[in-house]
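The listed protein sequences correspond, in order, to chains A and B.
Just so you know, we're using our numbering here: the first sequence kicks off at 14 and counts up by one.
Just so you know, we're using our numbering here: the second sequence kicks off at 64 and counts up by one.
Quick caveat, the hints were computed from the structure, so don't treat them as lab data.
C-beta: ideal position from N, C-alpha, C; glycine also.
Don't take each hint at face value.
Said to hold, decoys possible - Quick list of in silico lysine-lysine cross-link-like pairs, DSSO-like style, CA-CA up to 27 angstroms:
(1) K77/A / K16/A
(2) K92/A / K78/B
(3) K156/A / K78/B
(4) K99/A / K140/B
As the list claims (entries may be wrong) - Simulated DEER-style distance windows between Cβ atoms:
(5) Q426/B / Y27/A: 49 to 57 angstroms
(6) L206/A / I83/B: 27 to 35 angstroms
(7) S132/A / I83/B: 51 to 59 angstroms
(8) K92/A / R79/B: 32 to 40 angstroms
(9) K92/A / S339/B: 50 to 58 angstroms
(10) G354/B / L88/A: 40 to 48 angstroms
(11) E19/A / I83/B: 48 to 56 angstroms
(12) R79/B / E29/A: 38 to 46 angstroms
Each chain, written out:
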Amino acid sequence: MSKVLEINDVTKIYGERENTVTALNNVSFSIEKGEFVLVVGSSGSGKSTLLNMIGLLDRPTTGKIRIDGIDTTNLSDNKISSFRNKKLGFIFQFSNLITDLTVFENVLLPRQIAGTDYSAEKDAMELLKAVGIEDQINKRANKISGGQAQRVAIARGLINKPSIVLADEPTGNLDSVSAEIIVQLLKSMCKKLGQTFIIVTHDRHQFGEVDRVITIKDGRAFEGDHPSKLEVLV
Amino acid sequence: MDYRLRLAKRMLFNKRGSLIGAVLAVTIGILVIHVNFVIFQGLFDAIVRDISNYNNGDILVTDEEDYIEKSDLSIVKWFERIPFVKAATPRLSSSGSINMTAFGKLNEQTRIPIVGVDPLLDMKASTVYTTISDGEYVFSRNSIVLGSSVARDLGGAKVGDSLKLKIVDRYGQDEIRRFVVTGIASAPGGQGFDYSAVVHIDTLRDMMKRKGETGSILVKLNDPSKASEIKDFFLASFPNDKFVAETIEESAEQQLAGFRSGIAMISMIGYFGMGSSAFAIVTIQMMLVNGKTREIGVMRSIGAKRKDILIIFIFQGMIIGAIGAGVGTAAGLGYTFYAKETKMSFNNSLPLEVSYNWEKIIQTALTSFGLAIIASLYPSYRATKLLPVEAMRNV
Numbered sequence: 014m015s016k017v018l019e020i021n022d023v024t025k026i027y028g029e030r031e032n033t034v035t036a037l038n039n040v041s042f043s044i045e046k047g048e049f050v051l052v053v054g055s056s057g058s059g060k061s062t063l064l065n066m067i068g069l070l071d072r073p074t075t076g077k078i079r080i081d082g083i084d085t086t087n088l089s090d091n092k093i094s095s096f097r098n099k100k101l102g103f104i105f106q107f108s109n110l111i112t113d114l115t116v117f118e119n120v121l122l123p124r125q126i127a128g129t130d131y132s133a134e135k136d137a138m139e140l141l142k143a144v145g146i147e148d149q150i151n152k153r154a155n156k157i158s159g160g161q162a163q164r165v166a167i168a169r170g171l172i173n174k175p176s177i178v179l180a181d182e183p184t185g186n187l188d189s190v191s192a193e194i195i196v197q198l199l200k201s202m203c204k205k206l207g208q209t210f211i212i213v214t215h216d217r218h219q220f221g222e223v224d225r226v227i228t229i230k231d232g233r234a235f236e237g238d239h240p241s242k243l244e245v246l247v
Numbered sequence: 064m065d066y067r068l069r070l071a072k073r074m075l076f077n078k079r080g081s082l083i084g085a086v087l088a089v090t091i092g093i094l095v096i097h098v099n100f101v102i103f104q105g106l107f108d109a110i111v112r113d114i115s116n117y118n119n120g121d122i123l124v125t126d127e128e129d130y131i132e133k134s135d136l137s138i139v140k141w142f143e144r145i146p147f148v149k150a151a152t153p154r155l156s157s158s159g160s161i162n163m164t165a166f167g168k169l170n171e172q173t174r175i176p177i178v179g180v181d182p183l184l185d186m187k188a189s190t191v192y193t194t195i196s197d198g199e200y201v202f203s204r205n206s207i208v209l210g211s212s213v214a215r216d217l218g219g220a221k222v223g224d225s226l227k228l229k230i231v232d233r234y235g236q237d238e239i240r241r242f243v244v245t246g247i248a249s250a251p252g253g254q255g256f257d258y259s260a261v262v263h264i265d266t267l268r269d270m271m272k273r274k275g276e277t278g279s280i281l282v283k284l285n286d287p288s289k290a291s292e293i294k295d296f297f298l299a300s301f302p303n304d305k306f307v308a309e310t311i312e313e314s315a316e317q318q319l320a321g322f323r324s325g326i327a328m329i330s331m332i333g334y335f336g337m338g339s340s341a342f343a344i345v346t347i348q349m350m351l352v353n354g355k356t357r358e359i360g361v362m363r364s365i366g367a368k369r370k371d372i373l374i375i376f377i378f379q380g381m382i383i384g385a386i387g388a389g390v391g392t393a394a395g396l397g398y399t400f401y402a403k404e405t406k407m408s409f410n411n412s413l414p415l416e417v418s419y420n421w422e423k424i425i426q427t428a429l430t431s432f433g434l435a436i437i438a439s440l441y442p443s444y445r446a447t448k449l450l451p452v453e454a455m456r457n458v
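Throw the hints in and build the complete structure from the sequences for me.
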């Protein structure tokens with residue numbers, strides 16, 4: 014399997030001079046294509062910061078992030094936007110659909126941003142069927158339930174066939190039944206599409222058996238999730 | 064449809080309060096300009112209309128030095144053979160004093176402008192006769208039409224009253240004649256002969272000892288746009304005479320110059336109003352941008368470039384500008400139509416001469432549309448400056 018993500022000595026420091034906070038401290042690891050990876054850690058441990066770095070929403074203070082073999086450190090803002098659009102799929106805690114658009118338009122949006130409309134509607138429809146929400150396509154995004162919105166968010170995250178799908182607490186805002194459905198959906202999509210899923214969660218057990226777990230603690234990354242068996246990733 | 068335009072439209076239409084506020088700002092800006100134009104340009108045009116109808120015609124012929132000595136009828140006939148000419152009439156002016164006994168009391172008014180007219184020709188070339196509110200226009204050698212102000216100052220002169228008019232002839236001698244008041248003239252806004260007296264031109268010539276002489280020839284055209292052409296033709300046809308021929312713009316320039324600068328100032332105030340509506344758009348769009356922080360963050364995180372965000376909010380400015388320009392222009396045209404149809408006037412003043420100036424209407428609409436786009440630039444720029452990670456923090 015090839016490496017889809019390589020993180021080398023990534024440090025993120027917020028603030029200036031004496032008022033600095035080190036959110037990530039020399040984090041290094043890599044993830045293989047098709048892996049379903051959980052990033053766990055307590056609140057404030059730095060897992061969301063790590064996700065922002067991988068999602069190219071923020072830049073590391075030092076260190077390098079390579080996605081699909083491309084060093085993203087020195088990419089321009091425009092190139093990063095294109096990169097996010099084509100290589101990364103985002104699923105947020107609160108689904109974050111554009112409420113001014115319909116379910117179908119939300120799923121189409123990343124493809125339209127990419128400017129490659131060819132077969133977009135067909136692909137969007139297929140994804141909406143795959144997440145089981147094809148009967149809601151013409152509804153405004155704010156007129157569907159939280160669980161349904163999260164399914165739409167998954168479809169939107171997958172429409173451009175990204176190399177990595179990043180999910181930040183995707184079940185954090187859902188009831189246990191909906192959360193279970195979303196977990197199963199994410200897992201089945203990973204298996205079906207062969208894409209890499211990186212899920213940030215504080216509820217490790219909800220996801221059951223996964224390929225890999227990375228624990229973030231005090232800004233450091235550790236392999237595994239058992240407190241006594243944490244192994245520093247270097 | 065481009066997704067950015069669709070998003071701009073939806074974001075705007077889902078915030079109806081902001082949309083209505085922004086559109087109203089543009090609409091009011093345009094409406095102020097239309098109302099200003101209808102009132103002030105209408106007033107200006109009404110004054111030009113009345114000066115043309117009552118005093119100067121479309122072309123005014125005078126003598127360079129003194130009085131026209133050439134036969135007035137020959138000049139009138141010369142003009143009347145031109146197809147674009149409706150009519151021409153001679154005028155002679157002087158000033159004099161009038162006295163009249165009313166209710167046993169002698170009233171005298173001095174320095175009254177006296178206008179001599181040829182009644183038959185004058186009624187074809189001028190509309191002064193339509194200002195007669197009581198009685199008839201000059202119809203005989205001893206009839207006099209008093210302006211309403213003059214009649215009032217003479218103690219309330221009425222049709223049928225007898226009065227004496229005294230003028231100084233060309234040799235400095237007093238010339239006194241008795242006249243019978245045959246009509247009282249009153250023009251809306253006092254632009255007519257309200258402050259003058261009108262007599263037969265031949266009587267005035269006799270009194271002034273200016274037999275066969277004429278002060279001016281007033282020429283009225285069927286098509287006023289041909290004034291310059293006809294004026295030039297006239298001057299070229301009489302190269303040996305010292306005629307001065309002026310179009311209404313030239314002959315009334317002194318009277319109109321002040322109005323022109325006034326209108327320019329009022330227009331500027333209108334455009335300042337439009338400018339302030341642009342500030343309203345900036346404020347409303349800033350609110351829209353602040354209200355859409357989450358959406359901007361999501362858009363950026365799924366790959367939208369700064370340029371895409373910029374375009375979305377500029378599209379919003381264009382939508383606001385287009386709707387505002389449309390509604391504002393429609394409202395302005397509605398007001399113009401109302402003013403024209405009702406012959407709008409204020410406090411019984413002269414009725415406005417309302418016209419549709421399409422060039423100005425289009426220019427105003429385009430200016431407001433452009434301003435709305437310019438006004439949206441700063442909020443759009445601010446939207447592009449939102450970092451996705453900052454925007455997502457609000458999520």
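Consistency of the hints with the structure:
1. With a C-alpha separation of about 14 angstroms, the suggested pairing of K77/A with K16/A holds against the 27 angstroms cut-off.
2. Taking the CA atoms of K92/A and K78/B, the gap is about 32 angstroms. The hint is violated against a cut of 27 angstroms.
3. Proximity of K156/A to K78/B is assessed by CA-CA distance (about 17 angstroms); at most 27 angstroms being required, the pair is judged to hold.
4. Restraint check for K99/A and K140/B: the C-alpha separation of about 87 angstroms exceeds 27 angstroms, so the hint is violated.
5. Distance hint check: the CB atoms of Q426/B and Y27/A are about 53 angstroms apart, consistent with the given range 49 to 57 angstroms.
6. Take L206/A and I83/B: their Cβ atoms lie about 46 angstroms apart, and the range 27 to 35 angstroms is violated.
7. Distance hint check: the CB atoms of S132/A and I83/B are about 40 angstroms apart, inconsistent with the given range 51 to 59 angstroms.
8. Under the hint 32 to 40 angstroms, the C-beta atoms of K92/A and R79/B, about 38 angstroms apart, fit the expected range.
9. For the pair K92/A and S339/B, the beta carbons lie near 41 angstroms from each other, so the given range of 50 to 58 angstroms is not met.
10. Taken as a hint, the range 40 to 48 angstroms is violated for the pair G354/B and L88/A, whose Cβ atoms sit roughly 30 angstroms apart.
11. Distance hint check for E19/A and I83/B: the Cβ-Cβ separation is about 53 angstroms, which falls inside the suggested range of 48 to 56 angstroms.
12. Against the hinted window of 38 to 46 angstroms, the Cβ-Cβ separation of R79/B and E29/A comes to about 43 angstroms, which satisfies the hint.
Consistency with the previously given hints fails for numbers 2, 4, 6, 7, 9 and 10, ordered from lowest to highest.
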